[in-house]
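Asks: Whole structure, please, built from the sequences with the hints as guidance.
These protein sequences, in sequence, are chains Z and B. Under this note's numbering, the first residue of the first sequence is numbered 1, with each subsequent residue one higher. Under this note's numbering, the first residue of the second sequence is numbered 72, with each subsequent residue one higher.
No lab work stands behind these hints: they were computed from the structure. Just so you know, even glycine gets a beta-carbon here, dropped at the ideal spot from N, CA and C. Mixed in with the good hints there might be a few duds.
From the structure, some residues in chain Z lie toward chain B, with a derived Cβ separation under 7 Å [unchecked claim]:
1. Val-5
2. Gly-9
3. Ser-11
4. Cys-12
5. Gln-14
6. Asp-38
7. Thr-39
8. Glu-42
Simulated crosslink set (EDC-like; lysine to aspartate or glutamate; CA at most 20 Å straight-line) [what the hints assert, rightly or not]:
9. Lys-70(Z) with Glu-42(Z)
10. Lys-22(Z) with Asp-309(B)
11. Lys-22(Z) with Asp-54(Z)
12. Lys-76(B) with Asp-6(Z)
13. Lys-153(B) with Asp-54(Z)
14. Lys-50(Z) with Asp-309(B)
15. Lys-74(B) with Glu-51(Z)
16. Lys-70(Z) with Glu-432(B)
17. Lys-50(Z) with Glu-63(Z)
18. Lys-101(B) with Glu-154(B)
19. Lys-76(B) with Asp-3(Z)
20. Lys-22(Z) with Glu-432(B)
21. Lys-406(B) with Asp-309(B)
22. Lys-153(B) with Asp-38(Z)
23. Lys-74(B) with Asp-3(Z)
24. Lys-76(B) with Glu-51(Z)
25. Lys-227(B) with Glu-59(Z)
26. Lys-217(B) with Glu-51(Z)
27. Lys-227(B) with Asp-6(Z)
28. Lys-74(B) with Asp-6(Z)
29. Lys-227(B) with Asp-38(Z)
30. Lys-58(Z) with Asp-73(B)
31. Lys-34(Z) with Glu-338(B)
32. Lys-76(B) with Glu-59(Z)
33. Lys-70(Z) with Asp-3(Z)
34. Lys-227(B) with Asp-54(Z)
35. Lys-58(Z) with Glu-154(B)
36. Lys-153(B) with Glu-59(Z)
37. Lys-74(B) with Glu-56(Z)
38. Lys-153(B) with Glu-42(Z)
39. Lys-58(Z) with Glu-42(Z)
40. Lys-153(B) with Glu-63(Z)
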Amino acid sequence: MTDSVDARGLSCPQPVILARQKMHWLGRGTFEVKVDTDTARENITRLAQKEGWDVEIKEAGREYVLVLTKG
Amino acid sequence: MDKIKAFFGTRVGIVATGTVIGILAALLQKMGNPGNMGICVACFERDIAGALGLHRAAVVQYIRPEIIGFIFGALIAAYAFKEFRPRAGSAPIVRFFLGFFAMTGALVFLGCPWRALLRLSAGDGNAIAGLIGLTVGIAIGVAFLKNGYNLGRAQKSYVSMGWILPLAMGALLMFLLLAPQMGDNGQSGPIFFSVKGPGALHAPVAVSLLIGLLIGFIAQRTRFCTMGAVRDIILMRDFHLASGVLALAAGAFITNLILGQFHAGFENQPIAHTNQLWNLGGMVLAGLAFALAGGCPGRQLFLAGEGDGDAGVFVLGMIIGAGFAHNFSLASSPKGVGLYGPLAVLIGLAFCFFVGFTMREKI
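Replies: This is how it looks when you write it as structure tokens:
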């Protein structure tokens with residue numbers, strides 16, 4: 001099962017902090033982050049790409065699932 | 072639409088936003104707003120508190136259309152780009168008091184982070200202590216964030232909930248327009264307008280409102296935030312927001328030079344004092360409170376406009392805080408710090424540390 005971080009409902013900068021921790025914890029691999037604001041989606045995407053992770057964004061209603069992968 | 076959306080998310084987008092805010096702020100001063108106060112979210116909310124009679128400092132009472140414009144501009148942007156997301160419930164009472172003490176700190180310094188940058192870009196050296204204090208306060212906030220500080224999750228809410236603060240702003244706009252017909256031409260209430268002092272200085276209503284709408288729109292799109300700029304550098308060496316903030320200072324600096332509004336020095340700067348200890352101390356408190364609440368006062372307005380009820384509560388905390396700041400002699404004036412300003416800063420810091428230490432999850 002893919003690791004998952006639920007950052008829905010959290011205000012800035014919590015979603016980014018949680019995603020960043022997971023990136024550093026895993027080092028590489030795949031995990032997903034659930035967010036419900038565009039700001040969180042943009043911030044996590046920007047940070048992840050800077051740190052060398054690929055980001056796939058899936059829209060689920062008014063929420064997003066970001067799938068982060070690093071080979 | 073997608074191209075526009077993408078543009079606002081780029082480095083160019085945030086730099087353009089900062090530049091536009093800087094230029095428009097300097098122009099607002101030229102068109103009538105107070106000295107080095109083309110835009111100041113804290114001061115303008117304080118003026119609104121005064122206009123509503125929440126404090127009786129007669130020189131700082133006016134319903135500032137820029138604040139109303141910020142919220143509606145953000146609301147329009149949020150609807151246009153399908154980002155209006157009504158949400159609330161993340162420790163609202165804590166956010167109220169963070170707003171309250173953020174205002175206390177800002178009024179000891181005499182300005183929000185936006186005004187600190189505008190003051191610096193107009194040559195006011197006293198802003199340096201304020202900006203250092205702001206950075207220190209945010210750094211303390213980051214330390215709390217790294218140790219698991221978190222106010223909990225907000226919940227989705229009704230669309231009408233997201234409209235409460237915008238509707239209240241609509242009421243303020245009506246008061247602004249109708250006040251001259253109420254009571255003694257705004258002299259004896261129920262709405263008070265300053266006849267002298269900074270509160271009596273303002274650009275034409277329509278100009279202020281339109282500029283407020285424009286800034287609210289682009290700042291909502293780009294997530295412009297002065298606190299976030301410093302926080303992101305400390306927390307993750309990310310300079311995205313900081314590039315916008317620097318652009319604001321640069322845009323204002325160049326416009327001030329062109330308009331003859333640049334006067335370098337420490338003494339006799341408009342609506343400023345030279346007590347550097349409390350210029351710094353006030354902004355340590357403000358910076359920490361902004362960091363714990365997740366946004367500078369401008370950003371809280373834009374969040375409130377996109378449906379964030381918790382940000383709306385922070386805004387109300389700031390407005391009520393401004394009432395207390397003047398009624399309790401906490402606010403500074405060009406003569407110096409208020410009688411109880413330093414004590415209030417210490418109490419505010421104690422509150423923020425209480426919040427920061429006790430409200431955290433293990434991470």
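Asks: Would the hint linking Lys-227(B) and Asp-38(Z) be met if the CA-CA limit is 20 Å?
Replies: Within the cut-off at roughly 14 Å; holds.
Asks: Can the hint on Thr-39(Z) be confirmed by a CB-to-CB distance to chain B that is less than 7 Å?
Replies: Cβ of Thr-39(Z) sits 5 Å from chain B, so the hint holds.
Asks: Mind checking the CB of Ser-11(Z) against every CB in chain B and telling me if the closest is under 7 Å?
Replies: Hint holds; Ser-11(Z) Cβ to chain B Cβ min 5 Å, cut 7 Å.
Asks: Does Lys-217(B) pair with Glu-51(Z) here, judged by a C-alpha cut-off of 20 Å?
Replies: holds, 19 Å
Asks: Can you verify the interface hint for Asp-38(Z): is its Cβ closer than 7 Å to any Cβ in chain B?
Replies: holds, 5 Å
Asks: For the pair supplied as a hint, Lys-153(B) and Glu-42(Z), confirm whether the alpha-carbon distance does not exceed 20 Å.
Replies: holds, 15 Å
Asks: With the threshold set at 20 Å, check whether the alpha-carbon distance from Lys-34(Z) to Glu-338(B) stays at or below it.
Replies: Not OK: Lys-34(Z) and Glu-338(B) at ~52 Å, beyond 20 Å, violated.
Asks: Are Gln-14(Z) and chain B close enough, Cβ to Cβ, to be under 7 Å, as the hint says?
Replies: holds, 6 Å
Asks: Run the distance test for Lys-70(Z) versus Glu-42(Z): straight-line Cα separation, threshold 20 Å.
Replies: holds, 18 Å
Asks: Lys-153(B) and Asp-38(Z): Cα distance at most 20 Å?
Replies: Holds: Lys-153(B) and Asp-38(Z) sit about 10 Å apart, inside 20 Å.
Asks: Keeping to a limit of 20 Å between CA atoms, is the pair of Lys-22(Z) and Asp-54(Z) held or broken?
Replies: Holds: Lys-22(Z) and Asp-54(Z) sit about 14 Å apart, inside 20 Å.
Asks: Hint check: Lys-58(Z) vs Glu-154(B), CA-CA at most 20 Å. Holds or violated?
Replies: Holds, at about 16 Å.
Hints 1, 12, 13, 15, 16, 17, 18, 19, 21, 23, 24, 28, 31, 34 from the earlier list are contradicted by this structure; the remaining hints agree with it.
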